[in-house]
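> Please build the complex by placing chain B on the supplied structure of chain A, with the hints as guidance.
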Amino acid sequence: MVLDLLASGLIYSSIIVLGSIGLSLVYSIANFANFAHGDTMTVGAYAALVTFGAVGGLGGTVLGLPYGFFVALGVGIGMAALVAVVTEKFIYEGMDVGSIGLLITSIGIAFIYRAIIQMGFGADFTRYDIPAMRPIDALVTYGIRVTLQDVAIVASATVLVVGLHLLLQYTDLGRKMRAMADNPDLARVSGIRTDRVKLWTWIIGAGLAGAGGVFLGLFSRLTPRMGFDLLLIIFAAVILGGIGSVYGAMLGGVLIGMTTQLTPILSELGAVLPLVPDTWGIPIGIEYANAIAFVIMVAVLLVRPSGIAGEVV
Amino acid sequence: MSLRAIVDDPNAYWSGLTRAEQGVSGFIAGFVVLLLGGLFTGILAPTYFLFLVGIAGMYSLLSLGLNVQWGYTGLINFSVAAFFGIGAYGTALASASSSPVAGNLAPAVGLFVALVLAAILALLIGIPTLRLRADYLAIASIGLAEVVRIVILNEDQLTNGSAGVRGIPTFFDGWPLLDTFPQTMPSVAVSWLPSGTVVLGQSFWSALLNVVVVVSFIAVSYFVLKRAHRSPWGRVLRTIRSDEDLARALGKNTYRYKMQAFVLGSLIMALAGVFYAHLNLFVSPGDLSPITTFYVWVAVMLGGSGSNRGALFGGFVIVAIREGTRFLNAFEFIPFDVAPLRLLLIGVIIVLLMRFRPEGVLPPQRELIWPSVVDDAPEQPDSGVRDSKAGESND
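Residue numbers (the UniProt record's numbering), protein chains in the order written: chain A, 1 to 313; chain B, 1 to 395.
Pulled out of the complex, with its shape left as it was, chain B reads as follows:
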């Protein structure tokens, strides 16, 4: 449905949504109102707000990547953190000033290095494990992800070990115009807020640039995936997910298809890692901890396995959970440590989802049909049908 149609008749659009879609829209609207309220009252600094948008975009990107593997193809990949980490380390080692191997290369080169490393790692992990049964794949992939983390932690001469890599430039370092964009933009003083004057200075503009980076990464991945999902290639993947033996009986080399999906998903995860490195300007082995993997899993399952917009939604919910629990720290009267609350919430969401709605909040709909076919189809064929069947009265 085009944007114009929505504006023309919002009521029809609203009633055309499923209940879940209405709920999610309500949630998003409420969340946006909350954030805007925070911005207006000065609780939320604009720069920090943009940082949160960046982090949410990062999780959305990771979820899109996992969605290709789990949602489309049914591969249980528990090594998300490894691909995220290899992406972050790839670009960091290429571009950072303190990099022990290369260093001071352009971030665009870093992006390339990260993607190449991620593709190699995906092949290394995928070649042995993708032939395994589903539950073995889960165990093997989390084991290999730990191996990657241990190697990065201990190979000091390559990765700086536990000290991490500092001095990573921003993504637009060395680009014409955009490199100096935060410095050249004037400081804008916003004085009409109830909380007093807020100055949007250099840090705001660079945060804005980061959001531009992540949004463009997401946009590219989203449209590539959308096309891929509907292509014949995507159809084979869905067949593999529902019945691998069937796909093989149809003459498809399922191992190859699974490998392609695995590599594609891993590249998107590495993209999220690249963004993270240039956002945080520091990477350490702690970024590869398995909890990242499970955050992303929650995001994908919450959104609806196989659904790209669900993955985007899930990414934002994860940030709401992470930051919401951090917000609770401000309340002194809570008698226990708040940090584990996040873990608890993640656990409870996983259990409740699997118990009551294993398909997720926004499961893919009509994934086997082109949407235009549905939109353009008349409610009833124009000819060849009678208004009522014989013997049935119409009143």
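Bound-form chain A, shown alone:
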């Protein structure tokens, strides 16, 4: 059972990681907590839904997913990025209300995204038109119930995260972004065009969020609330990892994703751990998985607001 939970934790984590990287990037470079980030994920998921409905499967499949789905994934990423850039250009950019004002504005933006999606698609849940798959037989013998599609989610997320890592470490843009996250004023006086870098940050952050939204829709289902419901979990991951640190956000995403999925173990801890009686356990149910993540978040804010990987301010 533990292996199975670890596997589903890994899948869930890769979705959280995609969301948390973008949130962390925007938090450090645009300097506010973007409450619309979750709904940016929803935008990506629904854009992919429309695209996939239009292009269809396009013949063959990779890892249980039709080719058309990857086209849809691309459109979802692009659409999320486009929506975020348009919002930045028309709303956030011209505002002079400080980071708290921007935070409150982003809540309004979140509601607007969600309301428009709900108008178009209704409040009910939908799924991508991809047949559900049987768990991989070779792994079932170990008690792990994972489908090929789940493997595809983890693999795609890994590709995106590695791509971002290469971008940040080895390209000019990546270096500028890191410089700006570190110290925006210093970056500016060094001749970096900070507004251009900021725009790229929005594109990358929202694009990754869009991908996360598509995978979330594939992993469970699509509803207009899906992103907003996940937002606090993503915040927990970002804060745990340390705001402003991309690698911290990745680590935080994995930790929070694993924690929420491993909650069922808590009540049977004795059976898993050595040296304690088998009947021993922390009596807390799966329904408190999210609550545990939020409590961890508050605890991190109190004890070490800079998170695991953030700099101590």
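Hints listed in this document are in silico derivations from the structure and should not be mistaken for laboratory results. Cβ atoms here follow ideal geometry from the backbone N, Cα and C, with glycine treated the same way. A few of these clues could be false.
Stated by the list, open to error - One-sided and incomplete, this derived list gives chain A residues near chain B with beta-carbon spacing under 7 Å:
| no. | residue |
| --- | --- |
| 1 | 33 |
| 2 | 101 |
| 3 | 118 |
| 4 | 235 |
| 5 | 297 |
| 6 | 298 |
| 7 | 301 |
Just chain B now, with coordinates in the frame of chain A:
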């Protein structure tokens, strides 16, 4: 300005208002005319009208509470729904017949229980979070509000879980005279309306009693807050809002002041929850959904952060939005689902406000001065000034 002065010289009063105040007065007048029109033509049933007044009062009360935290002190509290919910659940669990814990106690006891629970919750949330930076406080408080909602949803043996609590008595249950007031009042038939005869029966009188409850809650809170805002205590809060370091440099223990404001605001929110429980006679975990928090935020920001009358105004606007969009449901020709329109409207209002008028429609004016000082002050000092300065001609 006293009421008599207004009646004596309405024109002077009108021209003494700011443009925003004139606009708001116009809006209120138009809205009242619309409502009266609805009542006369029979579109709006009198009982439902009173229900709406009650709901508007509830939002005003929530806004007053948030105003203490955000408007006075600058605390970003995103856990309004949790305090509203704990107030509603507190009184419901104490007084409802189906309550899994106590039940069938007098609603006055329920009110007390609700306020105590809210104060405890405010301390539990406030002690860890009020030391945090502003944006962390926002995230932490919404997270803890969700924790409260999840606990209420899942602790079936304490709260009935997702089934909610039924069988809540009205607020005046067990009171002398007022308990049976709706039954003893005669049914009044109003026959002079163009829409035909409307009978004001038992439900009307009990709705009227609810309005009395909410109006008295508001009145008490409003005057307490008005006094508190002008007191030295209120001045410290405003200092904290504009510059916390300054307040600390002046030797104020800002953490304590913030905690006091947080608890006070939370108690007022719980009061709104108590009223809601006895109005709706049913509470469920859905009442704690975060959207309530953001409705109240819109109300406070719209009215003007820090302004009590703005908070009252904002509360009524929220009801106008909620009910106005519900009204649109009647039109069959609208090609999309109308329910999200409310969400859209809330979102658009937030963005437009922050973009164009972050201080709100009715920002607090002269909040640092006693109003009587302004009213009684002569336009020009009586002595010690010349009519014109040297070298300036007066013509």
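> Hints numbered earlier in the text: which of these fail when held up against the supplied structure?
Result: no hint breaks.
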